[in-house]
Every structure is written in structure tokens, then in C-alpha cells.
Amino acid sequence: MTDSGGVQGLGADSMRSRHLARNALPTIFAGIVGVFSVALLAAASGSVPAGGVARGTLTIGITQFPATLNPDIDAMAAKSYVLGMAARPFTVYDAGWRLVCLLCRRLPSMANGLAVPVAVKNGKKGVALTYTIRPDAKWGDGVPVTTDDVMFTYDVGRNPQSAVTGAEFYRRVTRIDVKDKHTFTLHDDKLTFDYAAIDDFVPLPAHIERAAFADPAQYRIRSRYNTDSTDPGLYDGPYRISEVATGSYIVLTPNPYWSGPAPHFRRITVRAIENTAALEANLLSGSIDMVAGELGPPLDEALAFEAAHGDQFRFVYKPGLIFEHVDLNLARPALADRRVRQALLYGVDREAISKSLFAGRQPVADSFVSPLDAGYAGDIPHYRYDPAKAAQLLDAAGWHTAGGGLRRDAAGRVLSLELKTTAGDRTRELVEQVLQSQWRQIGVDVRIKNEPARVLFGESLPHRNFDMAMYAWISAPENVPRSIFDSQEVPDAANGYSGQNDTGFRNATMDRLIDATETELDPVKRKGLWAQMQRLYATELPSLPLYFRSNVFILPKWLKGVAPTGNQYPTTLWITDWTAQ
Amino acid sequence: MIRFVAIRLVEIAVVLALLSFAIYVLIGLMPGDPIDLMRNADPHMTAADVAHLKAVYGLDRPLVARYLAWITGALAGNLGYSRLFAEPVWTVLLPRLGNSLVLMGSSFILALLLGLVLGTLAARRPHSRLDAAINLVCFAGVSVPTFWLALVLILVFAADLGWLPASGAATAGVAEIGDRLRHLVLPVATLTLASVGGYTRYVRAAMREALAEDHIRTARAKGAGPARVIVHHALRSAMVPVTTILALSFGSLVSGALVTETMFAYPGMGKLIFDAVMGNDYNLALAGLLLAAVVTMLANLAADLAYGWLDPRVTYR
Amino acid sequence: MRLPAPLLLLAALALACIVGPWVGAALGSDGATVDLLHRLAGPSAVHPLGTDELGRDELLRLLGAGRVSLAIGVAAALTAAALGTTVGLAAGYLGGWTDRLSMRLTDAVIALPLLPLLIVLAALDLRKLGVPQWLARSDDISFLRIVLLAVLVSWTTPARLVRGAALAARNRDFVRAARSLGARVPHILRVHILPNALAPLTVATALSVGDVILLESVLSFLGLGIQPPLASWGTMLTNAQDLIETAPRLALYPGLMIFLTVIACNLLGDTLQHRLDRAAASRSASRGRAAKRLSAAR
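Residue numbers (our numbering), protein chains in the order written: chain A, 17 to 597; chain B, 94 to 410; chain C, 62 to 359.
Bear in mind the hints are in silico, worked out from the structure with no lab data behind them.
Where a beta carbon is used, it is the ideal one built from N, C-alpha and C, also for glycine.
Be aware that one or more of the hints could be misleading.
[Unchecked claim] Estimated spans, in silico, between C-beta atoms of each pair:
1. B:Gly-166 / C:Val-246: 57 to 65 Å
2. C:Pro-193 / A:Gly-421: 26 to 34 Å
3. C:Val-80 / A:Ala-323: 30 to 38 Å
4. B:Ala-144 / A:Pro-539: 52 to 60 Å
5. C:Pro-104 / B:Gly-318: 27 to 35 Å
6. A:Val-116 / B:Leu-161: 51 to 59 Å
7. C:Val-80 / B:Leu-229: 37 to 45 Å
8. B:Leu-229 / A:Ser-432: 16 to 24 Å
9. A:Gln-408 / C:Pro-104: 38 to 46 Å
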């Protein structure tokens, strides 16, 4: 047999090798295929997932899984969403943006005598608020919700080692007097117009959690909400959590001791799917029935999905209290001039952005107050797209173009600004690039420098290391903007970079208005103050208002009763209104 | 050989220790902290609250002090609590580890078997049309980004055809094996398609060299049939690079596949380690990363020992 | 010598990307002008591949992104090859502690699950590491970051290959002859050892170009890749997955580009490997090859 490296040796064998190819190797192949088929058959024999077909169940898709289920530790939208069905806070704002009682019987007010102003030290005014827990409120193990739970929660919240968020509330409440098993009086050291809203206060079941709180420093680890989330006694809402697969899904079943209106669904599953394209695919395949607007895909993605599958689902768009804007660092010499700031706003066509990128579902904002808010004022300066006016303002401010190019000042320096936003946010990146292009046309050179969210919020903003920053303020109904506009709240080395007034807006009138609005109890007068604040904002423009971001709810056609609120309180708080047709 | 193993074990321990410090420092070098994000998301939260929470979680202590605290605990067997899940690290790790072993194990075995078959087929008839076809199919799988492959599979098989579930490891509340298998099909298919190309190429190259060896010619000259030639003689030599693949892939059994797990919302180690790192959860991130590292290094050691058994010409220094 | 087809394909792709700006001038547009009125338009005379979600010309964006992606791939592959060769030569030729340390270092890098490490490295605050302000804030910093990450990940393969070749070659007669004639180490490495290693090194480098491009697309998927205003095929593909329902062609083009490039790299590596095998088979005895395989396997 000839040989030169064995390659031809094989060739000479080709007759027999073809035989082999026909006998042994196919056998191996067949073996693999066989194993795979058996596996597939076994898989196919598994039960078909019961989706909304059974109508007694509902599967909700969200984009994040809650890290912990303890209502008072860690502020997370996913946790609020799930606990909206299982844990009752005392007060919330409903879809009409009115303050309502959930766990309490009546909202304290001056009129019904349950709210009594008291004098506190420094001659300031505080208030004593009396609440009564609903007598039929019970934890999932039958134990009634009482003032024991209230006092226990207060102890947990006040303890510096317990890692409770919402510390603001526990600072303001100086003491709680217990009248009986269901009635208690809070002593708040500051009288503000929204005195009755204690939404950060969610009671914890004392009879279960007291043992875990024995060592306060270990509470967040030993809390029953983490060690055994399915304990029914932890939940006093219409549902209780009955199964948790950490990182994957949570199953909720009706709470047998719930005394309010009976919930419709006998089983609700909340699935976490982070990738929004996969989330939508799951919706199409029936693995999930609906997508929660509070934790759903970005608006432009949802619009694309609706364009393709609009007939299969019901789409509800609701602008939220998420104010998307561009902060302008007033410490930068170019931005210190009000004319430049106004020119920047005149130079962007926000209507076009809203219409083309968001199909008009995210109306342009003129100030930081949402049109749905009680304090909203319509008669404030509105900046239409006007590049000519922008050019005029920039010229007046001393920035001149040299024949169609970039603007320079008298010293020849180019008007060049850096725009930052959260990296990886596709929608923001798109808007950024549109803004950059439009500003280029009025001669302003804008360079994009995105950073991960934790860098932007953890360092760049507090250290005021930016020119322009695009992000969102999340607020509450009638939320007085002290932390973002008050002169005392500018973060710097002296105050340890606390405060959220990253623009550095220092305006005596605004400070005065903030103080006055907080303590003004007369709603009519307060509305007037709000209007003044908005007018001042729109004239001075410490930031450029863009729009209020919309949440998109993608619902199956047979689901009724879901009422998007437009504020940060999740729709699940009214889960008993949801029914299937 | 005992000496060889002992020295390697010592080296592994040293590498682990250095690796743990390096990872601790790297995570510490990431700017900001997830707590800073809370400040922006909660309208009532102040920066003082943020500072206070950081102190509660012990984040204001210097990095070296925190590392020393961790390593003394770890050596005593206590891996600490996961900050993200507020549970002991092992409680969080074990179920995810199980899921990953199932997912990665199945796709690895499948890809390896397919690779062996396809690689052998290609090696026996080099430059034939079969060889070229196998080449092309394999390379196609390797040349597409995994997240893309996953999305296409989900859209076709789950959304359009509805044959298979689009995400998760199991249907909520159902604990049968059939259901779990259904959920495994698409993720396993994605991973297999992505890796079979590499394995095939390895096997093909090794088989071609092996089939050209002197002892193969001898075997044929002695009258051995093609099947015996391949299985009994060539495969043994070809096992050397296959063992290399095995060793390198062992680590991934533990470290999971981040992209696939994200697309399929499959709760495995890859996503867990990613979330732990991004969430500054030192305890969880270190536990996961070091587990993967130690498994890989032990697998390398086993592979080196296996070389000796497979190929008597190899000796140890 | 006939040029392999994959190499021609790669060269064509690179050329197309490089001449992108001139194509743009010819068409009268560029890949950066935003035109909100003509978003997601189909192919037309002035936009041969249509427009993207901001109305920018898709063809020009594709070519521009190709420049970035190919540049990352080639730069990272060449740098990794250079770094790996240095380490491999030192380890293979000098032996002893240099070898042990290098191999344990290589083991450690291989043992690390790469993705988490890359995430940490990508999110690092460069200023904390002492990188000067002007560099940390420059436009191209994300490009440099990714090249650096890719090098960190891919230097181990060339290192192992070159070490194997160096180990095999150092005891050969011609090397011992050179040593006894008084040749210095750098000379020996350059003239005698390196040419032996060049062959497998070239193959590995060709393959790693494709791997780096895929790595870049995964990093973009995770949000750690190229940042705007730069665009790469990876970022285009990631952004397109959200629009797969309305404009699937936006995903098709960058996906196809990545696919063609990576498969061309793989095929190129394969072809080179095949040619080397043929050259080696006709050159050395089978015993020599066996010895090389043994040391490479360690």
C-alpha cells in the first residue's frame, strides 16, 4: 500500500469507508437522535401551562425581580408592585390623585378634628394625627392588625441599625400614642399641607417579626420576609405570597382572612423577564398574559409592538410622574447666562421628537409639574421650536457664528457642551442624538458622554461633574421640590455632597415659594404658589423640560378593571377591581 | 506523580487567594453603589439616608479591612450573607448551581457528542463536499452572537409556532420532569448550536492527525476494519485535545451562560454572578467566581493527569 | 501563492468600510444626520438600505460601524498576539520559574469566568486608577477600553501556542548550534524560534479577530460596549432587537455583517491551518510532529 502521510491511505480505503459511513456512523447518529426524541416526547407529555385560558389565573410579566419582600427595606418598584397585592399601607394616592385610606378608616383632617396642630420647639408648627386601623384587617394567619404592629414597626424604623428606607418619615414622627388596639396618634414635627399622607408607613406583623428583630443589626437578614416569604402571617392584603422561586417568579393566592371585596383570580403569577424583547415574545406565546406598565418595555419599543400586534392586546398609555429633563450645570460660565439656557430650549423641536419617536404618547412638558397634578398651572411660558429666536438669544449672549459653523465668543472659544445620560438606555440614547443634531444646527457643539447609572447618580451629579445631564426625576403628587430647587440643597464638599440641587439653582424667590407652599393649608392659595413656582422655573430654566415618561400597559382583551394611576403607586393596590370576562 | 499533584494543589490554592483579592479590589473599583440609585428613585430619600445605609451595610470601611474580614470568614467555612437577596450565600447559590449544571451539562454533552460524530465524519473524508458542508454549518453556529440566536429561536418556536415555552426553568407550581424538559429545549438548543462548531473543529483536526499516525497504518495493515480503526485506535489519540476541551468547559458548567440565561430568563449561575457583580454583592460574587475558578483549575489538573493515562509518552516533570 | 477566498472577503469588507465617507459624499448624505420625518424608511435611491430609527442612512451607518468593529477586532488580535508571543517566548525558551509563573498566570486568566471580569473592568472608574482626565473623557475611550479588554482575554492562546513551539524548538540541533556559536538570546528567539511559532500564531490571530468582534457584540448587549456617538455592528444589532417587529431589516444588516466577518475569519483560520498542515507534513518526520503535539498539550 502506498503511503505519503496517510492522507492517501484513507483515500485508497474509500470503498470500505463508504461502507462504514453506511453502517457504524449512522448508528451513532441514530442513537443521538433517538435519545433526543425520547427527551422531546417526555417533554411533550408534560402538562400544558394553563394561561389565561382557565380565567381563574393571571400571569403578569415584569422586567425585574424584587430583591427582598420586606415592605420597609429597600425601595424597589418591583417590590412595591408585588406587595401592592399583599401588604396594605395606611394611605395612598389613587388613580384620581386623591389621597385615600387603605388600612385606616378615615383620613385625619382639620375639619373632622382628627388632625390637631400643635406647637413644637423653635416656635414651629407640628401636628397630631389620629388614625384608626380598620377593625376587620387581619394578617394571613388570622391575627388581627393592631397598634402592636404599629408600635413595633415604629421601633424598627427608628432603630439606626435596621436598614429601613423611608427614614424621612421616622425622623418627623417624634412619638406615637396608643389609644386602644386600633387607634393611635402620630406626632409629626412639621405641619405640611399633605399631613395626612403616611404612605411610607407599612406595618410589619409584630407577632412574627419581633423574634427576627431581637438583634436589630441582623434584622434585615433574619426577617421572615427573607427566610420564609410564604408565611401567610406576613401579609394583610387581598393576596398572600404562596410560592417564591428567587429570581424567577412569585405566586400569589387569595388571603383567606381578607375582609374586603373578594379578589377575582384564584392564582396570580408574577414572572420576571429582564430582556424586553424576550418579554414581548413571552406575551405572544402565552407564557404571560399581561405586561405591567410600571415595569415594562420602553415606550418606543411598546409602540413598535403595538404596530405589529395591536389587534391581539389592549394597550393603555399613561404618562407618569417621571419627569424626563436635562439638568444644566449653572456653574459652567456658558450656562450661567439665562439667554443661553433659553436658546437651548428654543433650539430643540420637542414636538417632533414626541410625535415621531413616541407617536405623540409622551406630551411635551413645560415644567416639572405634571398636568394631572393638583398644582399644575397652564399659563406659564411655553417654548415652541424656534431656531431663529434661539440664534437671536445666542447672539445677544455673545456667541457668534463664523459663517454657518459653530458659535464662538469674543475670545474665540467654541460653545461646546457635554451631554450625559445613563449608558445602555436605548431611548435616552436616541433622544440624545436627536438633541445633539438639532443643537448643531444652531451652532452649539454638543458631545455625548454616557455613564452607567450608578456613576451618574453616585458621583457625577452629586459632585456636579457635568455640563448637561439627561435623566428623570421621580416625584409624588404635589411633591414640593425642596431637594431639587432650594439653595440649601446644592451638593458640595461642605455638606458631604448631600442634596439633589445638582444644577446649583440659587434663587431667593424660589426658596421663599418652597417654604410657603409646604406650609400653606389652603388649597386655593397653594395653587397660586405652585403657579408662581412653575412660572419662575420656566423663565429661569435651571433644567430643560422634555416630557413626562409614559408607562405602557399591555393587557389581554379579557382583563378588565386595571386602572393605571400615573403616579408611583402601583395598579396592583386595586387588584380586587381586576376581573376576567 | 503524587508530588506533581501536591505541587499543583498548592499552586491552585495560591492562585485562588490572589484571585479573591483581585476580584474584591475590582468590584471595589466600580464607581458608586446601587444604594446611590435609590436616592434618585425615591422622592423622599435624602443623601444622609444614603450615607447611613452605606454605613449599615459596612461599605464605609476601607476595602482591605472588608477583604480581611471576608477571607477570615471564608477560610472558616462561612461565606456570609448575600446583600442582594438578604439570605445566606449558599441558600442563594445552590438552586442556581443545580439549574446551571443541568443546562450547561446537557448542552455540553450534546455538543460534544455531535462534535465527535461530525468531526470524525469530516476527518475521514477531508476536503470532500461533506467536509465542507459540516464546516460551514458548524461555523455558522459559532459566528452569530448568542443573544441573536436565542431571540430567533424564541420568536420562531415559542411566539410563532407555540410549541415550546419562551422562558423560565419551569412553569410556576408545576414540578414534573416533563415540564422542566420542555423549558430546557430552547436554551439547550441555543447553547449547543453555539458551541458544536468549536468542538467539531477540534475533533476534526485531532482525528486527521491521529488517522495519519504510524500505528493507524499498522492497525490497518493488520486488517482492522474502519470502525475498529477509529474507535479503538484513533480516538484514543484524539482524546488528548478533547480532554483539553473538557477541562476548559468544566468551569463553564459552574459559571453558566449569562447571555442565554438572560434571554430565556433561566435562573442560572451566569445571571447570578452578573447581578452580584453589578449589585456590589461582594459575598455572592466572590463565592460564585471562586467556585467557577476552582472547578476549572481542578479540571485542568485532572486533564493533565489524563494526558498521562491516554498517551504513555507523556511524563511529568 | 493563491490567496484564500476568506481573506479576499475580509479585505473586501474592510475596503468597503474604509471608503464609507466617500460613498456618503457621492450619495449626498452622511450616517449622522438625524431626520425625524423619514424614520424607518425602506430602500430608495438616496438611501440604498433605507433609514434607521432616527432617519439616518442605514448603509453609511453600517459602513461606519464596520470601521469601528473591524478596527477593534484587528487591533485587539494583533496586540494580543504581540503580548502573547512575548510571554510565550519567555516561558518556552527560558523555562524554569519564568515558565511556571507564566503558566500559572495563564491558568488563572483562563480559569476566571470571563464575562463577570469583563463587566467589572468595563465599569471601572478610570480616574480612580490614575488615568489622566483628558484621556478618561475623550471620545474614543470606550473604543480603547474594549480593545484592552479583548487583549486581556485573548492573549493566553498565542502565549500557549508560542510556548509550545519554543519548547519544541529550543532543543533542536540548529538552536544548540547557534547557542554554542555564541549567539545572544534575543537573536536566537527572533531568528530561530519565532519562525517556527509563526504558523500556528497566524492561525490563532485570524480566529481571534472573529472572536473579538463577537465579544464586542456581547458587551454591547450588556450595555458595556461602544458608547454613542460611536456605533459598532454590536450596538446596531443590540438596538435592533427591540425593533424586530417593525423593521427586521435593521437587525438583518448588522447581523449579516457580523456573521460574514466572523465566518470569514474562521474559514481563513481553517484554510491557513490546512495549508500549514500540508506544508508541515511534507517537511518534517512524524516523530517531530508528535513531540511538538506533546509539549503543546502541556
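Status of each hint after checking the structure:
Roughly 47 Å separates the CB atoms of B:Gly-166 and C:Val-246, a value that falls outside the hinted 57 to 65 Å. Checked against the given bound of 26 to 34 Å, the beta carbons of C:Pro-193 and A:Gly-421, roughly 29 Å apart, stay inside it. A C-beta distance of roughly 36 Å is found between C:Val-80 and A:Ala-323, which places it inside the suggested range of 30 to 38 Å. Between B:Ala-144 and A:Pro-539 the CB atoms are about 36 Å apart, so this pair departs from the stated range of 52 to 60 Å.
Between C:Pro-104 and B:Gly-318 the C-beta distance comes to about 58 Å, which lies outside the given range of 27 to 35 Å. Between A:Val-116 and B:Leu-161, the C-beta spacing of about 52 Å keeps the proposed range 51 to 59 Å intact. Taking 37 to 45 Å as the suggested C-beta distance range, the pair C:Val-80 and B:Leu-229 does not conform, at roughly 29 Å. In this structure the supplied range 16 to 24 Å is violated for B:Leu-229 paired with A:Ser-432, their Cβ-Cβ distance being about 50 Å.
In this structure the supplied range 38 to 46 Å holds for A:Gln-408 paired with C:Pro-104, their Cβ-Cβ distance being about 41 Å.
Consistency with the previously given hints fails for numbers 1, 4, 5, 7 and 8, ordered from lowest to highest.
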